[in-house]
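Going down the list, the protein sequences come from chains A and B. Note that the working numbering has the first sequence beginning at 7, numbered continuously upward. Note that the working numbering has the second sequence beginning at 340, numbered continuously upward.
Watch out, some of these pointers could steer you wrong.
What the hints assert, rightly or not - Which chain B residues face chain A? A few, computed with CB under 8 Å, are given here:
1. F463
2. V573
3. F588
4. A595
5. L603
6. V913
Everything labelled a hint here was simulated from the structure, so no lab data went into it. As the structure is a prediction and not an experimental result, all values here were calculated from the model. Don't be surprised by glycine CBs; every beta carbon is placed ideally from N, CA and C.
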Amino acid sequence: MADTATFEPVHETGRDAAAPHAHIEHDTNTGISNTKLAMWLFLGSECLLFGALLTTYLLYKNPLPGQGPTREQLFDIPFTSASSFVLLMSSLTMVLAVAAIERSDHHRMRIWLGATAVLGSLFIAGQIYEFTTFYAEGLGYTTSRFGSAFYTLTGFHGVHVTAGIIMLVSLLLWSLRGNLPEHRSETVEVVGLYWHFVDVVWIVLFAVVYLIP
Amino acid sequence: MAVADAPLALPSGAPSHDGKVLGVFTRAQRTTGWRSWITGVDHKKVGIMYGAAAIFFLLIGGFEALLIRMQLWAPRQQLLSADVYNQVYTMHGTTMVFLVVMPIGAAFANYLLPLQIGARDVAFPRLNAFSFWCFLFGGIFLNTSWLLGGGADGGWFMYAPNNGVLYSPSHGIDFWVLGLIITGIASMVSSVNLIVTVLNMRAPGMSMMKMPIFTWMTLVTQFLLLFALPVITVALFLLMFSRIFGAAFFNIDDGANPLLWQHLFWIFGHPEVYLMILPSFGLISEILPVFSRKPIFGYSFIVFSGVAIAFMGFGVWAHHMFVSGLGPTSVLVFSLTTMFIAVPTGVKILNWTATMWGGRLRFDTPLLFSIGLITMFTIGGLSGVSHSIAPADTQQTDTYYIVAHFHYVLFGGAFFGFMGGFYYYWPKVFGYMLSEKMGKWNFWVLFLGFNLTFGPMHIIGLQGMSRRYYTYDPNFGFDIWNKIATIGAFTIALSVILFIVNIALSYKRSKSLPPVGADPWDARTLEWITPNPTPEWNFDPIPTVTRVDDFWYQKYEETADGGLVKVRDAKDIVQDSDGVGVHLPSPSYWPIVLAFGLPIVAYGLIFSWWLCLLGGAIIVTAMFGWAFEPPDDPEAAHGHGHDEAGHDDHGSAADVDALEQEVAPVG
């Protein structure tokens, strides 16, 4: 979503010197930049994606008797609570990263972006650990309807988190190469929107999949 | 969406890097020749390509339809085996829905939407090109199944458990699933793109309630896509995982519920039928006022009935499932919602009729097709309301009565509207008129053929002839109606040939005729303020809009007694600019490269994992190439569009800056 056709007036000199600080005024009808609006729309669409996956899971959350382990036998609530906490904390660091770039504090922004990516990776590591443990305890992808639904739902979420980590790392590298000046701070904010969305989805998934009996 | 990490909108002209980054080629430059189509991001080029590709798929889908009708010409025919017949009707439905009607809607949306709101392009031009290539490659991928072991054979809605490997062991359904995921990506990306364009990029003064109706209907359509597509995407992924990895989603032995597929499919599928018809509704809402010389009757009613259709369209899906044993409560609820959704549609029919009422009608081809839509869609709508009565629907389910119904709404509705749109907008897009004489033949032959084909299906449907059966017995009494339908189908084919011949002949004739002029139809809306064919930069300067039908009211003023007086000639209003200094987004190689990676991954999932790696590598490369692509060449200001070499002159930077300032934001 790199290019837009907003045809903004050119900034006189170079990129950074005369560039306005964070949140340049966008000449759009809504006042929201094209990229941010596109992200909001995309996230609206994603709600239905996870909604449909969650529906499928709720339909299939109990395996047929004799078809492999059940939820009660597998789920390790304290462990998943810990990894959920890690993911939620990453939302905090993401907020701090956006706040830093808005203050033109590139150094801190990089630290918080890095921290967000690390926390996200920890969550993914936890998910991989969980999947391998469940597999070892007898729940394969094709073992039961529960296995298929559980791995698909949480796997889709894991892929979303991974895509988010790739975005964060790209931003970090960009910033280190000096390509993320303040007037483009909105990129960080837009990635942040995605990241928070993925976190919010996890809150719902954690509650519905793990906590509700 | 991993491309979201790309840099945001560069202020146009701000040089970011030296020309090459990470060894990636410099940005594509060509604005002429075949390369300009491959790398083009201009919404008009993308729109034309959408239309051309859709007509190509129309010929394929039409050929499949003729095969079906030839097979049913007489009882106990052996032209197609039962198995091939299954594949042909499945691919016919899939092609017509996903590769013809939806993309023709996208073609008009792409071409017209920025023009109708006074913008120079869509919000994300490269993503727009990506949408098109994705759709094209997805469609080609889907059709290559014919050469690689046979097409999908489960009907276009591909019910479980018939869609499992057990009942359909060929790769046809794999091609179907993956092809639809790819075209789904195309629609998804394009819906976000077009919604942002409409919400954010309207010309000064163009408030939402001053937008042309076509733009409104397209906006509603894109919202339907935005919220309906993820649901079918999930369904397709579940099916893909079931077929390729053996997941248990639709496997009855594992306690799966096949109704899950039906629900997911129709939660998408019913909004889908509205998103196929709404662009056509929009088109005829443009055509009717022009050829009646009256404003549209009840602008806000047309707009809000379209919005109402969209909302209610998400609450009626289970009327496709009345015979699946939903229980009386569900059946009752969905019966009622289905009856209610006829109301906003009826409002539209009334408004169109009232628009024509008392108007000075000019029976040119676009108006004929529009009236065709109103009448045929009304018939289809009435048979649709008969489905909302569950006991009647139980009788009609899976008979030719249903086939008649949805052809009356989708062919008699959507396609007639598109044909009207083709005739109406042809001079806008290509700069010459299609022959009126042949156009009228085109209409009447199509009208006759259409009714001959699908009218009798009401009767044989109610007599009990089932859909999707490859043949019937002589003593059923279906012979005569089937023969009429087959004759009708060939009449339709003749009409499509007439249309294509008309395009060719009119093009040839146009060379000896004077240019079409700016305003061939005495039109009303903003897109006609640009010359014909539309220049690359659309508007220069960006117009300021004061009311609905702005162009019309610049030409005409109302007298005290309600009459119209022409105050200005169209050619004094239509813009005449050479576009110098208008900065447009540069072409790019990456959309087509990125889209090309997707079918390769899909082939890999079916045949060999190594291909997945190759396709994945292409996709990752393309994404990073896309993200790191140097920004638009600051010196590629337009005004050199006629430069045969396709290279722009390189003026001094100061000159360019001065020119850029002139362009001013379009908001």
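Quiz item: Is the hint on B:V573 kept, meaning its closest Cβ partner in chain A is under 8 Å away?
Solution: holds (4 Å)
Quiz item: Can B:F588 be said to touch chain A, with a Cβ gap under 8 Å?
Solution: Cβ of B:F588 sits 6 Å from chain A, so the hint holds.
Exercise. For the hint on B:F463, just tell me whether its beta-carbon gets within less than 8 Å of chain A.
Key: Since the shortest Cβ distance to chain A is 6 Å, the answer is holds.
Exercise. Grab the minimum C-beta distance from B:V913 to chain A and call the hint holds if it beats 8 Å, violated otherwise.
Key: Interface hint status for B:V913: violated (22 Å vs cutoff 8 Å).
Self-check item: Restraint check, 8 Å cut-off on beta carbons, for B:A595 near chain A
Solution: This interface hint holds because 5 Å falls under the 8 Å limit.
Quiz item: With 8 Å as the cut and Cβ atoms as the points, is B:L603 at the interface with chain A?
Solution: holds (6 Å)
Comparing the model with each earlier hint shows a violation of hint 6 alone; every other hint is respected.
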